[in-house]
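> Turn these sequences into a full structure, and let the hints steer you where they fit.
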Amino acid sequence: MQLPSATLLAQSALSGVFAGALYGLLGLGLSLSWGLLRQINLAHFAFAFLSAYLCYQLSAVGGLDPLLTLAVIVPLFFAIGVATQWLFARFSISTFNSLLVTFGLTVIIESLIQSIWTADFRRLESVYGNARFKVGALYVPAPELLTLCAALALSLAIWGVLRYTDLGKALRASAEDGAIAQAFGVDRDGLALLLSGVCAALAGIAGVCLALSQTLAPAQIYSWIGVVFAAVMMGGLGRPLGPLIAGIVIGVSEALTMAITAPSWAPLVSFTLLIVVLLARPARI
Amino acid sequence: MSVVHRFAGALALLSVGVVLCTGAARAAPSGAPIRIGGTLALTGPLASTGIVHQLVADIFVSEINKKDGLLGRPVEYVVKDDQSKPDLARTLYEQLITVDKVDLLMGPYATGAILSAMGVAQRYNKVLVHHTFGIPSLAKYDMQFPTWSLGPDPATTFPNTLFDALAATPKPPKTIAIVTSKFPSVHFMSLGAREVAKKRGLNEVLFLEWEFGNRDFGPIAARVKDAKPDFVWVGAIGLEGNQLLDAMKKIDYSPPLHFHMYPAPGPMVQAPEAKGALAATIFEEHKPFLDNPGAAEFVKLFNERAAKAGLSYTGVETQAAASYTAWQVLTAAVTATKSLDDKVIADWLRKNKVDTIQGKLRFDGPSNYGDDLMRVKQVQNGRWVTVWPKSAAAPGATLQTQ
Chain V
1 MQLPSATLLA QSALSGVFAG ALYGLLGLGL SLSWGLLRQI NLAHFAFAFL
51 SAYLCYQLSA VGGLDPLLTL AVIVPLFFAI GVATQWLFAR FSISTFNSLL
101 VTFGLTVIIE SLIQSIWTAD FRRLESVYGN ARFKVGALYV PAPELLTLCA
151 ALALSLAIWG VLRYTDLGKA LRASAEDGAI AQAFGVDRDG LALLLSGVCA
201 ALAGIAGVCL ALSQTLAPAQ IYSWIGVVFA AVMMGGLGRP LGPLIAGIVI
251 GVSEALTMAI TAPSWAPLVS FTLLIVVLLA RPARI
Chain Z
286 MSVVHRFAGA LALLSVGVVL CTGAARAAPS GAPIRIGGTL ALTGPLASTG
336 IVHQLVADIF VSEINKKDGL LGRPVEYVVK DDQSKPDLAR TLYEQLITVD
386 KVDLLMGPYA TGAILSAMGV AQRYNKVLVH HTFGIPSLAK YDMQFPTWSL
436 GPDPATTFPN TLFDALAATP KPPKTIAIVT SKFPSVHFMS LGAREVAKKR
486 GLNEVLFLEW EFGNRDFGPI AARVKDAKPD FVWVGAIGLE GNQLLDAMKK
536 IDYSPPLHFH MYPAPGPMVQ APEAKGALAA TIFEEHKPFL DNPGAAEFVK
586 LFNERAAKAG LSYTGVETQA AASYTAWQVL TAAVTATKSL DDKVIADWLR
636 KNKVDTIQGK LRFDGPSNYG DDLMRVKQVQ NGRWVTVWPK SAAAPGATLQ
686 TQ
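So the protein sequences, as listed, match chains V and Z. For the first sequence, our numbering gives the first residue as 1, with consecutive numbering after it. For the second sequence, our numbering gives the first residue as 286, with consecutive numbering after it.
Hints are all accurate, no fakes.
SDA-like mimics (lysine to any residue), calculated; alpha carbons at most 25 Å apart, straight line:
#	chain 1	residue 1	chain 2	residue 2
1	Z	K483	Z	K510
2	Z	K645	Z	S624
3	Z	K560	V	A142
4	Z	K513	V	T261
5	Z	K370	V	S111
Honestly, the hints are just simulated from the structure, not real lab data.
Shown next as structure tokens:
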């Protein structure tokens with residue numbers, strides 16, 4: 001068996017880092033809503049794809065720069081997140097029921113996307129699509145680099161807010177014991193609305209990154225669920241840096257598996273890693 | 286009455302007669318509709334192609350009903366959404382036969398669902414004409430009829446057609462990389478290509494398999510680049526070919542020659558990096574295909590309707606052509622036998638050739654497959670053109686190498 005070259009390994013690892021960054025970015029809002037709101041929000045993936053299609057529409061048809069669409073998408077999805085949380089609170093939806101309700105919401109959003117954009121493939125051609133840099137022998141594509149930067153910046157920013165600000169402490173206290181936090185003057189319901197809005201806005205940002213690098217089809221909503229859930233669970237619920245780190249570990253492991261052995265073994269990696277982590281540290285869930 | 290008046294009166298009578306006669310020949314179909322039932326992947330991962338089949342069915346049914354229908358009766362297509370799930374297709378075909386009581390069946394989209402439908406059709410002794418079954422050896426039912434003319438052993442015959450095309454280029458490839466999805470109908474073709482390549486003396490420098498649904502094609506692209514093959518066989522279905530080419534573009538690599546088994550036709554032809562990509566085809570929108578019965582009219586209608594439906598690629602190629610052929614074959618058999626009896630229809634199909642937009646199809650070979658009519662097409666100047674064999678090539682088109 002011929003050994004892979006150093007360039008091949010490095011380029012593959014870089015590809016894994018970029019794939020992991022997207023897993024991390026998609027998982028960030030999911031992890032926060034699961035860990036801090038106790039909601040398993042499957043609709044997070046549908047929000048991301050709805051955002052990707054909106055980005056496509058505003059850019060490909062409306063002529064906007066894809067990154068400028070964030071000015072529309074982030075507030076819009078924040079509002080959607082707030083509205084969702086308001087409904088969840090209004091009907092006292094439990095953690096388990098949130099899984100069922102958001103699955104239903106996902107199906108509705110998928111149908112909505114298909115009725116507007118059809119089941120046909122949609123590809124956003126933008127100035128970022130063909131841009132790439134060369135660093136030594138390695139090629140760095142611009143859309144993936146943007147995704148990595150966004151994932152890093154958002155994960156660090158949210159980590160900082162949760163760790164060092166009163167808002168973060170209040171959010172963590174609410175997640176720890178909502179009733180006691182409320183007794184200490186924390187506006188638990190208001191914080192839940194805010195956090196849900198932020199999570200949906202994060203899905204919106206992930207959607208723009210998806211639109212920049214992927215060809216879209218409505219049914220692809222479901223193809224990300226498995227690996228992103230693995231990243232969220234490995235990273236620890238409610239931990240903002242967790243999904244990104246776990247995502248990159250999964251992405252790089254999968255990529256190196258593909259570079260060294262048979263690519264068909266790659267899917268085994270993420271779930272084997274998840275099982276190992278759960279066996280070693282069961283308290284992460 | 287003057288001669289002029291008499292002549293004018295005769296002319297008027299003649300005109301009325303002509304109008305009446307024409308009307309009689311084009312009488313609107315009447316009576317209870319003939320109900321043809323089937324499922325399609327209208328949602329789920331295969332829906333992007335499923336909608337092409339629905340569009341074709343809509344066109345065919347509306348056109349036949351505009352004429353005199355089938356056996357003088359209108360045709361009704363009862364279509365259900367199998368959500369791209371073969372298990373659901375099985376239930377729905379059962380429902381179509383026992384609850385909806387359709388007169389005839391039309392196949393669903395894609396190998397898995399067709400295999401499910403075949404089992405149900407066999408249980409109820411129904412004819413199943415289907416358009417997109419990729420593994421002929423699995424078609425064991427004697428009343429199933431394939432209209433995707435890939436012959437009984439496409440894993441051998443088609444790679445030979447492709448390698449013949451490559452051998453006829455000024456600089457035939459000497460080394461080959463075979464990278465393939467493990468999606469069943471693609472995987473078996475890739476394994477066949479591997480055998481054929483070996484027999485023809487091509488040096489295999491890389492063989493890789495990935496699971497269907499793979500997201501990161503970066504490492505696979507890097508391995509292909511490292512292997513430096515003269516020719517890459519990409520056993521890809523749907524978007525996979527685009528994903529691999531996109532990953533190759535990101536590392537500044539463009540394979541000298543590359544073939545994609547079943548690409549999503551629109552995204553592939555529209556991607557700049559797919560220039561020169563080769564693929565298999567049974568029909569493209571140019572002569573000599575357009576000379577086949579009904580082809581030009583169908584292409585015109587499909588182009589219009591696909592644009593109206595908002596499809597990103599409005600051309601007719603393998604999927605739409607196989608689908609239209611299925612309707613041509615089923616209705617030809619019904620018309621010829623003047624019967625809706627499945628056994629009578631099946632007997633007729635086994636004994637007769639049918640004129641279709643693909644050419645003449647026969648169903649008397651193993652598993653009711655006829656000739657392998659798959660040709661080689663290439664992306665040239667932003668459109669698909671058939672380049673091999675010469676008899677099927679677009680006027681003036683030849684296989685271009687970089």
